[in-house]
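Protein sequences appear in the order of chains E and V. Sequential numbering from 347 applies to the first sequence in my numbering. Sequential numbering from 1167 applies to the second sequence in my numbering.
Hint data in this document are derived by calculation from the structure and do not stem from the laboratory. Keep in mind that a hint or two might mislead.
[Unchecked claim] Partial list, computed: chain E residues near chain V (C-beta under 8 Å):
(1) T528
(2) S532
(3) P543
[As the list claims (entries may be wrong)] Label-pair restraints from in silico Cβ distances:
(4) E:R436 / V:S1492: 28 to 38 Å
(5) E:Y366 / V:Q1290: 49 to 59 Å
(6) E:V565 / V:A1301: 28 to 38 Å
[Unchecked claim] Think about it this way: if two alpha-carbon atoms lie no more than 25 Å apart in a straight line, the pair counts; the simulated BS3-like pairs of lysine-lysine are:
(7) V:K1300 / E:K539
(8) V:K1283 / V:K1321
(9) E:K539 / V:K1283
(10) V:K1345 / V:K1321
(11) V:K1300 / E:K516
(12) V:K1345 / E:K539
(13) E:K618 / V:K1300
Note that beta-carbon positions come from the ideal geometry of N, C-alpha and C, so glycine has one too.
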Amino acid sequence: MNASRRLDPVLLLALPAVLYLAIVYGVPLLMLLGRSILSGGTPSLAPFGAFLSDPFSWTVIGNTLRIAVLVTLLCLLIGYPTALALSRARGAAQALILVAIILPLSVGVVVKAFAWQIVLRRDGVVSQLMMGLGLWSEPQRLLFTEAGLVIGAANVFVPFMILPIYSVLKLVDPRLGEAAATLGASPLYRFFKVALPLSLPGIVTGVAFVFSMAASMYVIPNLLIGDRFQTLATLTGRSFLFMRNEQLGSTTAVVLLVLTVAVVVGSAALSKRLGGAS
Amino acid sequence: MSQGFLSVAGAAKTFGAATVLDGVDLAMDRGEFVSLLGPSGCGKTTLLRIVAGLMRPDQGRVALDGQDITRLPPHKRDVSVVFQSYALFPHLSVAENVAFGLRARGAPSGEIAPAVKRFLDLVQMGAYAERSIKALSGGQQQRVAVARALVVGPKLLLLDEPFSALDRKLRETMQIDLKRLLREVGTTAIFVTHDQDEALTMSDRIAVMHRGRIEQLDTPAAIYARPATPFAFGFVGLATGLPGTVYDSANGIVTVATQAGPLRGPGHFLPGSPVLLGVRPERIALDHGGANRIEAPLADAAFQGARVQLHFQAPPDGQILVETPSLPAAAGPGTSLKMSWAIDDTLVYPAPAEAA
Ligand SMILES: Nc1ncnc2c1ncn2[C@@H]1O[C@H](COP(=O)(O)OP(=O)(O)OP(=O)(O)O)[C@@H](O)[C@H]1O
Ligand SMILES: [Mg+2]
């Protein structure tokens, strides 16, 4: 019918956001894309071919994906139980956990880097803890290692995993878990068959947030691991800032963008499949 | 043997300063259908949650089928619950909801599908097996919730106001269907309601709850005819209550001075005791054939199909309720009519405390 096809006036409320994104994000993105395929004056995919045929590029892509996946997994591992606790907590306990999650967001990455130096160096807190537990036989340095990078990045991004999962979990009717219990489901069975599937939309959002941030982080690798270790994002930065190679920079930027979008869209599609009826 | 299939002894629960359950005792036979009837906030849901294991009592014990289950977690109790909000799993289909309990208990996969089909057919939802829960009406969700709870063959089924969200017509159908279904499956059940008609029609016995206690546990007929407390009298069935003071007591019959005149009833009270005198509306006849006789002006008549309900003004500001097959000829608002009832139809209670 005609009336239903007409644009909903409420959509006009999205106009400021659309304009803003178009100007500060869409236009530069198109320029970037243009620069990556318009090197010699005629459009060509040659820059991508050149980039992808260089073995070093594959090391960089591998670094990017490995770190992003590890950071996302670590955030999920830490974030899910926290979100669950947060959704069950009441009153003061809940407020306290929320503050503990949100407050660190207001501390800049550079400030955090100083803390990490203390935590991750050879005589740092982690090393001493592992020695104390008898897990390590001699002190080890985590600073300037991939493990240190993953730990530090997860520390920055974990709120972006917790909050979306929490916001979904708190809407799940607590009676559902009780109903499952009275039907004979053990706590573990209830978790895997009720709480987890129902929180899938929150997990997908959290994974999309953390993965895209971890794949494109620039400052944190610079502070925690340095030049020896390159990701698509750090390589993009170096190309523009130090190597003055805009061709390479825009190519790596586009590759990074494609990878991130593919993972985000893919995980959303996967959750739809797994979520079935919901 | 079957006596005490379920037994709750001295169950007590407080939340902060509020005593919600104040020493509840309840014993049920195997296969029995007992309703918990009481006003909002009297502790019905709390008692149910304690029996289901969703809440620990502060004091008291719960035993089922000869086993003390007071400290057993819910998933080891074999007690199914139909929640007021149904609590169906929104991410599962109708059939998967019903299969949930069987899967959780590790039933052989070959047995699950036939059992699910059987119970969906029993609640007349066989045609909806593959539907999403969100595409069901309230009554249909309710049926699925009952099938899901029964398919695991629980020792005990608990239903917390399962029909309160349904309209009257559907509710009556569901009451009959549920009763038939439970008889077929042979399940012992506790049914929570604050609707006295529902309790009277469905139950083998009714537990009248008031302020965290069970005031009377008896058959519907006995509760209606001989309510044990003024609360049970007022809560179950329509009733007239006249306050008064005993001035004579002999041979188990007390004579009570009321604003409507002297009235008599069975009871043992000392002269001077304040009492509440009660009588059911259908026990009052519009003549002076009974021993307790009064006359009062008609205030209002409500036609109810097969019967007429008459409201009389009783001094000083009370109301007398009478039910008769038909309105006496020439009676209108203001007409003063004679009425009477037998001494044996009179109920005499100690006057309830004022502040109560
Ligand atoms: N978790 C709780 N914390 C504090 N108070 C509670 C809690 N659960 C119940 N109560 C209180 O206990 C009392 C009894 O509650 P309960 O839910 O058992 O009543 P009910 O008889 O089921 O009432 P209704 O017919 O309205 O469902 C109420 O006053 C309620 O406010
Ligand atoms: Mg209740």
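Each hint tested on the structure:
no. : hint                         : in the structure
1   : T528                         : holds (4 Å)
2   : S532                         : holds (6 Å)
3   : P543                         : holds (5 Å)
4   : E:R436 / V:S1492: 28 to 38 Å : violated (60 Å)
5   : E:Y366 / V:Q1290: 49 to 59 Å : holds (55 Å)
6   : E:V565 / V:A1301: 28 to 38 Å : violated (49 Å)
7   : V:K1300 / E:K539             : holds (18 Å)
8   : V:K1283 / V:K1321            : holds (21 Å)
9   : E:K539 / V:K1283             : holds (21 Å)
10  : V:K1345 / V:K1321            : holds (17 Å)
11  : V:K1300 / E:K516             : holds (20 Å)
12  : V:K1345 / E:K539             : violated (32 Å)
13  : E:K618 / V:K1300             : holds (17 Å)
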